[in-house]
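Using the hints, position chain Y against chain W.
Going down the list, the sequences are from chains W and Y. Each residue of the first sequence is one higher than the one before, counting from 1 in the working numbering. Each residue of the second sequence is one higher than the one before, counting from 430 in the working numbering.
No lab work stands behind these hints: they were computed from the structure. A virtual CB, placed ideally from N, CA and C, is assigned to each residue, including glycine.
Some chain Y residues near chain W, calculated using beta-carbon distances under 10 Å:
1) 450
2) 451
3) 453
4) 510
5) 511
6) 551
7) 566
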Amino acid sequence: MSTPHDSANSVFRLGLFRDFPTLMHYRDFGGYQALANALSGSPEAVIGEIGAAGLRGRGGAAFPTAAKLQMVRDNPPGVRYVICNADEGEPGTFKDRFIMTHIPFQLLEGMAIAAYAVGAAQGFIYIRHEYPEAQETMRRAIAAARAAGLLGADILGSGFSFDIEIFSGAGSYLCGEETALLSSIEGKKGRPRLKPPYPTQCGLWGKPTLINNVETLANIPPIVDRGSAWYRALGTADSHGTKLISLSGDVVRRGLYEVPFGTTFREIIYDYGGGLKQGRLKAVNIGGASGVVVPPWELDCPLEYDACGQRGITIGSGAVFVMDDSRSVLENVRNRIDFFLHESCGKCTPCREGLRQAGRIIHKTLAGEAVLADIDNLERYTRTMQNAAFCGLGQAAGNSLISSLKYFRDDYEAMCRDQNQAAPKEATA
Amino acid sequence: MSTSLQAVREIVTASSSGQAALLQVLLAVQDSSPENYVSEEAVNEIAHLLGVSRSRVYSTASFYSVISLKPRGRHIVRVCINAPCENAGKQAVLIALEQELGVSLGGTTADGRFTLEGVSCLGACYMSPAIKIDNRLYGDLTPEAAVAIIRSYGEEDTIEHTA
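Isolated chain Y, as found in the complex:
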């Protein structure tokens, strides 16, 4: 399920900043999507409502690594791949995450719960290796700790689901 067109309209209407709208609208539309992406229908609606061409919207959307034009998982797991984290053991953490989730970097789990991505620097080099899950930062990780964190998300999801 992607963002409803009604939601896109509400986001565009709410972005009263006018000129500085397109990138912020794309981010807001993506955030409102349960599958963490900007759908083709949403692109069409954004172009229509902001009065810009579809190619302009695609041009901006495809440039930025945070914006996805393909469906992703409910939770985005971002692993920092830069030198400080790499030196501190990022590779072992990444392998453990790939095994736990059953996907490689860039993949989404079959149940649609997690997408695993690499990210350039989380600004957490003082607690490398670090990952971010949605908006939460986790540092000083070992492979075991990273797996435990993923499992805790799994439990939260299940609780939400059955509640």
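For reference, chain W alone in the conformation it holds in the complex:
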């Protein structure tokens, strides 16, 4: 990871990148001061500080973190859980893996503070199966934190107790959806549940549960330690703090970058990533497989929730995937639709059948066998998925397709076998 901006303005504790980051080293960099601060004050004060910082969920949905903490806290007294969603399966994204393998204690500290805020005694980290090294690092970090009295019973002599268990995923992208993740921990198929009730009221085994992404939880210690004013100053008036960007594709320097909100996508690609390796820029996929595909002229959009939202750009998990002009946007979208078709759980018809039909038409288009009416159907099926799918997977699965139709419709139409031919009966049915 590199940061062109000053490391004093970094949310992530730089200088900790070693084969195995030790607890001592983390504490040398000010680690665990935030937990001590939090425990010496009230849970309400912690939630207040996070709220003042304006932290929003970094998993993709961007829900205000303090509001979620408060919802869990507001439940009647009783058992409640904190779950770290480390099922990072979004193609193009690798930020959570980086946090877990290089700064595991920042995540553990964030979880402990969140648990104190909501009144939880037990936490889980749901780590995808594809990250065995992250699972191993987190296990070692948990053992070290426990031995130092920073996890387990009576943390730092405060009377507050909280412990964490690692739970391994088993190769299902859908388990990143929070209710599917709950089902998975409960030993069932990782299929989504109807909301409401939301996990904040009725989560793991029916108990109130806080579920946050790795990056979100890792943002908490610096906010509690250095204050909400410092944190807000890092970003823009609309979006606060920094964002981890997973940059990949046809750029000179692929990698993970911490960028302040307000940085434009053009700066991310050219200043951080060093520009294109060869050729000219054709398209950029922003937000991962469930994100959008945009042309070069959209890149002056700043990384900001409002500005991106107005242009239909989803920041998502922070993936930026660059394609030069030798790439086919259609092939790229086909890959994403194939991915979602494989990962769809089949529970609801719009997702299950919509993806099948979308896949069929894209393959047909790439084979030069589609007609113009097929492209209209493709758009119609995808809109249905976006509007009617049961969970976020199906609702977002067509984002790359719809955005590519918006900006690169010519590419689709050029692949149709006869621009003037009437649609065959099958395609118009």
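Quick look at chain Y alone, frame taken from chain W:
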């Protein structure tokens, strides 16, 4: 040879986390199997020991792509098939691996040493195209480099065998 029933019993007994057991037990049982799968006998034993129905165990096991109900090779070669790796030359790497191993995606070599699988994202897009063999990640691959890596595993296996 599948996991012994005794091993299944030990794994279930060791999983003191109680409620959060089934998926983790399935993964542990599979890891302890030299053929990297969960056998029918193991399913029966897990259902019996956890006090859940066999259909519940099958339902969970069949949902997750990592869990196999059929025997596989000693080493699982996972090739990332998503867009960043595909754009970076995954297809050429995959073809080279298929030729070297003599199997197509999903197949197991005749000597039972390797199973070749596709995987959705290894979180290594900064070094695409990437593959994972068991728990080890390899990135920035060319077809030649991928073949060399497979051959190095072949040699390790032979050394282990003759040692």
